Structure formats: structure tokens, C-alpha cells
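Residue numbers (the UniProt record's numbering), protein chains in the order written: chain A, 1 to 225; chain B, 1 to 623.
These are calculated hints, taken from the structure and not from any lab test. Nothing here was measured: the structure is a model prediction, and the numbers come from that model. Take these hints with a grain of salt, some might be off.
[Said to hold, decoys possible] Dumping the calculated BS3-like pairs for lysine-lysine here, alpha-carbon to alpha-carbon at most 27 Å:
hint, chain 1, residue 1, chain 2, residue 2
1, A, K199, A, K173
2, B, K493, A, K131
3, B, K414, B, K427
4, B, K332, B, K276
5, A, K131, B, K479
6, B, K414, B, K364
7, A, K190, A, K68
8, B, K276, B, K249
9, A, K72, A, K199
10, B, K414, A, K131
11, B, K479, B, K493
12, B, K249, B, K318
13, B, K493, B, K427
14, B, K462, B, K479
15, B, K427, B, K462
16, B, K121, A, K68
17, B, K493, B, K462
18, B, K364, A, K72
19, B, K198, A, K72
20, B, K414, B, K462
21, B, K198, B, K297
22, B, K414, B, K297
23, B, K414, A, K173
24, B, K198, B, K414
25, B, K276, B, K297
26, A, K131, B, K427
27, A, K173, B, K462
28, B, K427, B, K479
29, B, K297, B, K332
30, B, K318, B, K276
31, A, K131, A, K72
32, A, K131, A, K173
33, B, K414, B, K332
34, A, K199, B, K427
35, B, K332, A, K68
36, B, K577, A, K199
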Amino acid sequence: MISQPGRQPGSQRNSQEGAPQGLCPSCSAPLQTPLACGSCGVLIDVSHDEPSPFAILGLDVTFDVDAKDARKRLRRIAHKVHPDFYATAGEQQLDLAEQNNALLNRAYEILVDDVRRADWIVRNFGGPGEKDLGCMHQEFLMEVMEWNETLDENEPGSDEFQALEAELQAERKHLIESIRGYLTPLPDPKTPEGALALKDVRKDLNALRYIDRALTRVSGLPAPL
Amino acid sequence: MGYIELDVLDNQPKRIVIGIDLGTTNSLPAIWSNGRPEVLRVEGEPALVPSVVHIQEDGTAIVGRSARARSLEDPEHTIHSVKRFMGRSLSDIDQADLDRLPYQVSETERGLVQVEVRGKKLTPQELSALILREVCAQASAAMGGAEIMSAVITVPAYFDDAQRQATRDAARLADIEVLRIVNEPTAASLAYGLDQRKEGTVAVYDLGGGTFDVSILTIEEGVFEVLSTNGDTHLGGDDIDAVLMDVLKAEIGEAIDPAVLADPAFRQAARLSAEKTKIQLSSSPEADLTLSLPEHKIHVRRRITREEFDALIAPLVKRSLDCVRRAMADAKLAPSEIDEVVLVGGSTRVPLVRSEVEAFFGRKPHTELDPDQVVALGAAAQAEVLMGGSRDILLMDVTPLALGLETVGGAAEKLIQRNSRIPCSVKEGFTTYVDGQTAIDFHVVQGEREMAADCRSLGRFKLSGIPPMAAGMARVGVKFHLDADGILTVTAKEESTGATASIEVRPSHGLSEEEVETMLEASLANAKHDFEQRRRVELIAEIGTMLRHSEANLPVAREHLDRESVQDLEEAIAAAKAAQKSSELDEVQAARDILDRATMPLATVLMDSVVKEAVAGKRLGDV
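Chain A extracted, bound-state conformation (with noise of 0.2 Å):
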């Protein structure tokens, strides 16, 4: 018997946590990510013990990520990983280069964006996964229902569209702030509290996917092809 792929339940895209950072194994230099040596230059192969995201850049695992500082890490990783610089350099360097500048840009774009990045540490500190149930605000689903209605009824352009955007975009905010209030400091999962604020903060991630779906339709942007 031959289906169609089911999910499975609870899988996790990372499962580390933020380590130490290490000495280099070629010259001993303390390394400043555990993909590269800052110092020899030398690509190091991580594929047995993937680095969390945060570890990758350097960083301790925190919900606030100072983007600009996470940008200035990247460029200057990614002088070392880019699978440009190894062209000529054989096929293994250019595979491990291939394979430790994916893991730097995945890192970066989760900790630059505030839902992946919340998402990762619900994830990763054993809360609860999107499509677990009860992770819906009651009051949220009525909300919802308002605004499709107002989003069914109208065109892109008109008033109620832009009071609507107006409303998401606030919505959104509120919904930032308090998976912040949440996520500082970390919570500790292994406490009936930490455990019970993983959760909210699975509602608040799902109450945000939907209100970015619905900004995309206020925004009147074309669908995709």
C-alpha cells in the first residue's frame, strides 16, 4: 500500500541548542562560529551535531536578536562559507561549503524574523507544535470571523480595507509584544509555568499566521502566478 506523505506528528527541523563555540580543530584559534575558522580559514564539517541557529552566528539563545548585528555576523560568515570562494577547491570543500553556508542562511533567516525565531524556541524547548490542538485563542476565532467577512465583502482600496489593515497591523504588534513578555527571560519548559507560556505562545503563532495571510489579501498585491 502506497500513500501520499502524512506529517509526523511533532518532528523538529533543529534539535540542538545553543553550544559553545570551541576551539578551532586545525589551529586551535577560537572559533567565532562553529562553520569556519576566522582565523585559518579552515571549513569545519558540523553534519553530526547540527549548531542551533543561534550558535552558528555566535549568539546565546534569546528572543530579542539585534538584526543589524545578525547581518554584519552573516556577511562576515558567509566571506568564509560561500560556495563561491571554493570553486576551484575540489569537490568536498565545495559540498562542505554548499552545506555550512545552508545552515548559515537558515540560521539567519530565523533569527532575524520574530515569528521563526519564536517558532524555533517553542520548538526547541519541547512546547508544542503548530497543528496541536487547543492552541487557538476562543476570542481570536470570533475576531476572525469579523474580518473575513469585512475582507469577503470588500475590494482592495476601500476604506474598510485600509481600517482593516490598520486593525491587522496593531493586531500583529500586540500579538509581538506578548510572545516577547513570554519568551524574556526564556522560560523554563520543565516548570508547569514555562510549560503553560510555550503554549501561549503557540496560540499567539497561530493566531500571526493567520493575520499575515490576511494582510496579504488587504494588500490588494496580486496572487502569485
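Given chain A, put chain B in place with the hints provided.
For chain B alone, kept in the frame of chain A given last:
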């Protein structure tokens, strides 16, 4: 012109890597030389290589300018705009577009587009390989015969996986090692950034012959970082031509015979007339669309004003601006936050395009760089980076479309979002759906739509050998890796029992590995024949030029040369004329060499007389 640097240590010529813009209408090679990119062209000849292939009666192909020259007299055997078919199946192509083609297309058993000409079936990959070879031949000639083996080739940023794979396969068939596939707008930004030495946020609007791309980037301290990209791989100059062709058809009227519409001669003449009118309208306020086909009693002349033309193409320009809006939204930027706008592609010469882009961003776009050359120049700069020439430049690009898997119920589960940075890897866990399931079918899709059926199908593969267990117990790890070329590899492993299997995906709209191998063998076998044909054609052209000069100057020869020399020359001329019709390279070569020797005494006389004329009437001091 360029020369080859020699490595003193091993006496091997340095590996030459060029940048190639493989365009819908024209293609172009460029190289990094003396600290800047430069177009590779043969002195005295145009730089652009028309992306046109003509199949001659004997089945051999001619490519480029000489092929385009045949397009009007022999449209049925002259193939243009093949890039639009790369990685596409026939069902992907609009019927209206097919109706405008002067050549025949059909599909392979697996639904791939192929062009049928003189009983030969050629895939877009094979035709593109012929164009790439011609481009390399020009590059090689421009560098005094150096052999080209490696290249950076550009593709539209909005090309999907199948289209990128097809481009890579074309290069393989042309025996070129592809060092990197680079997105056209990214390459353009590189050329622009290096040339203008500007930094900031840049929008590249690239409207070519068949494709449209927009990319939003930041340029900062040598780092070229793409924030977002959007586009339409089916929007370009060809579509503007099509609008004017429709005007022509309307002008001819309802009564037109369907057989005429299907006549390749009609289609080609209408296309070329539309293209000519379009180009005229870029510089004049009005132009005439004309079509004259006496054999069909068609004589049409229709005046088109710029206003009318603008109204006709406004929907096309709007489509491009819709893409720009999406790209801006993804980059989370407002038009006022864009510091510079760069126009790329021949179609950005259309005044309405320029004015609408200017209105959208509220600033004048840059046009200092030739929009036909900027992409190839950027590709050459990227080639230099890849060869280790510079660590000061770094391109960071993104993937244009989301990538995912079809899950139960037909939904597309997206593993990689659009505008993710590349290279990029994502692992995701999947499991079985029913008890005792021993295999899982994976369907890899690309696109933004929610349902897999609405996305582009990249390929299907089956992971079998899963030990029977309860539903949901199997742990299948699927890994998507997008490399720096934007090309996807998918691997899957059943992890719970240690039983593993991994599969790599070839796109369902591409060539299989065996097909590429077979074509490669065939083309290698043909390579010598192709080369000889090419050389023969060049020699015949050369003989033509030599004959014109020597025949025109025969009276001079008879006046000034001894009888023996005149007789040699006359015999050589007769032999050369006969050799022009020969299909044997050796004969043509011998006739050319004999003619060359026989014209030497004449050349000496002519040189002397030129010098005498130049000196005549002048005092010694003036000379």
C-alpha cells in the same frame, strides 16, 4: 584584443572562464580582463550572437547572424526564441504562441517540447547547446583561438528548477563546464555596481526578449545581497511583437484564409514586421506596420502612433509592475526606499516601459550601461570571483519560488519558502499514513499555490523498503538541498530501523540522465563534422570576398602584371568559383589557398598604386 596568459611553472595556458548571457533573442560572451569585464567580440563584427538556429538542407546547423539572415527566406527551418521552451512541456505553452511560430513543434513521449525540422527532432536543450557553441566560437575567435571550456551562464531569476536543469544540460551538450548558473538581474547588478561604484538599495528591472525579472538588492562593501525576486518567464519583447502581429491580422480582416495564417512565410514576415515597427516606435512618435506577401495577395500598411502602441502594450507593462509590487512587498520596502533603479534587457528601450518604471519608483532609472550587454558583463565578473580572483565581491542570491512536497489530500507542504537565501537545506520528517505501508510516493513541487496540482511538478520518486509497522510509526527524513545554482536535490531516508535509501530527483520536464548521455555521444560524434561544416562555410564566405576584390581589379591586373601571373589569377578565380559549391572542406581550403597566392602579385600592384596616389602631388616634407 585579448591574449592568453601563460603560467610559467607548468607552461599550461591558464584556464579560461567566460561569462555567457544566453538570451531569448540574443546571446553574448564576456570575460574579465585587466580588472574589468569586457565583451568578447570579433573586431569589426557585431557583438551580439542572435539566438537563432537554421537547419540547412543537408541537415547541418548554422547559428547566429547567418541563421537569422535566413529567417525570412526560410522560416520553416529557422528556429528562434527557443529559450521559452526550456524545461517546458507542450501543455505549458499557450496555443496562441504556438500559432505564431513559423516552425513545427511537437512533444516527446514524456511531453517535452521538441522542434521538428527537416525530419530531425531537436530538444530545446540541443538547440541551446548549438547557440552556446556559437557563442564560444565567437569568444574563442575574439581571443585568438583560445579554447573555452568553462563558463558562468545566466538564466532569468524566475526560472524554475526544470528550466535551470535544462540550461545546465544544454551546456553539457555543448561540452562546456558550467561553473555557476547566475540569475540575470543579479549579474546585471554586479556589472552595474562595479561600473558605477555605488552602494545602497537597488531595483533591477529586466525585460528581455521572452522573460521578465525584477530583483531587489542591497549593495554594500562589495556584498551584493538579493532581498527578493519576482518575475514572469513568459513576458518579454516577443509578447510585444505578438500584440502588433494581432493588429496586422486584424488589418488583413476576417476574410483571411486559415491556410495563410498557418503559412510559415506569413508568420515570419508578420513577426519581423512587428519587431521592426516596435523598434521604430522607441524613437519615433509613429511608424508603419507593413506586410507584403504577393503570393497571398496581401499588401498591408497600417500606421501606428506611439499613443496607440502604448495603449496596446499597457497590460503587458502592468503585468511586469505587478511582479515589481510583489518583489517590493517581499523585500518589505516602499518604492521611495529604493536608491537606484537599473534597466536591463532590450525591451526596456520601449518608452512606455521607461516612463512607467520611473513613475513607479519616482526616480529616473539608470541607463548608462548597454542593456544588451550588462548581464554578460556581470557573468564575467562572477567568473573572476569563482576563479579565485577576488574575495572582495560576494553575491548572495535567493530562490524565486517555494519548494515542497505533496501531502495527503493534495496540499503542497512547503519546505523552502520563496526568496529563501541559497544555498539552502531543509530537513523535514514524514511518516506512513496506513498500517503496514512499505513505500511512500513523494511528489516534489515548486510554486506558490496551496494545492500541489496548481504548482509545477518537478518530479516523483518512491521510497520503498519501509518495514511494515503501524501507521505513523515510520520516520522518514526528507532533505531538500538547493545549491548555489538554485538547483534542487532531494534525498529521503527511513530512519527508525536503520534501513536507508536515498534518491535524487531529475525534473519530470527535463532530460533523463540517459537522454543526456545519448545526446552527448551523438553530438561528440558530430562535433568534428560540425566543425568541418563551419570551417567550410567560413572559407566559402572568405572566397566570396576575395573573388569580389580580384574580379573587380582584373583590368588592373591585365594592365600591370605579366601574362603568367594574369593566367594564374584567372585559373584560380575559376577554381575558386567551382569550389564555392563543393561540400568537401579540403577542396574548399585548397581553392582558397591557391586564390590567395594568385592574388599576391595583384595586391602588390594595388598597394603600390595606393601609395603612389597618396604621395602624388605632395612634397617630400609632407609625406
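Q) Taking each numbered hint in turn, which are not upheld by the structure, reported in ascending numerical order? A) 4, 6, 7, 9, 16, 18, 21, 22, 24, 27, 29, 31 and 36
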